[in-house]
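When you get a sec, could you build the whole thing from the sequences and use the hints?
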Amino acid sequence: MWLMWTVIRSYAPYVTFPVALVVGAVGYHLEWFIRGTPKHREQKSIAEQREERKLEEQADTDGTQVLSLKDKLEFAPRAALNRNRPQES
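Mapped onto our numbering, the consecutive letters of the sequence shown carry residue numbers 7 to 95.
Don't read these hints as lab results, they were simulated from the structure.
Nothing false has been slipped in among the hints.
Ranges between beta-carbon positions, derived for each pair:
| no. | residue 1 | residue 2 | range |
| --- | --- | --- | --- |
| 1 | Trp38 | Gly69 | 49 to 55 Å |
| 2 | Gln55 | Gly30 | 33 to 39 Å |
| 3 | Ser51 | Tyr17 | 46 to 52 Å |
| 4 | Glu57 | Ile14 | 57 to 63 Å |
Glycine included, every Cβ here is placed at the ideal spot set by N, Cα and C.
Structure representation (structure tokens):
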């Protein structure tokens, strides 16, 4: 009896891997058969949705009416832009 347990213990990895492989394959195909063919829903990624939204927003606005660079500088923080400039007196 002890010889049988020794043989089972030593060859267990060689027996369990093929058994697990067969059980996994059967379970996979059984689940696929029960669920049926998957319904393909095209779901856009968040990046694609954002890009489409941005394009729609741009289409609604007039592209020729933009702020000048001088106007844009007024909205930026003064500390970042005037760090190396001399103070106006």
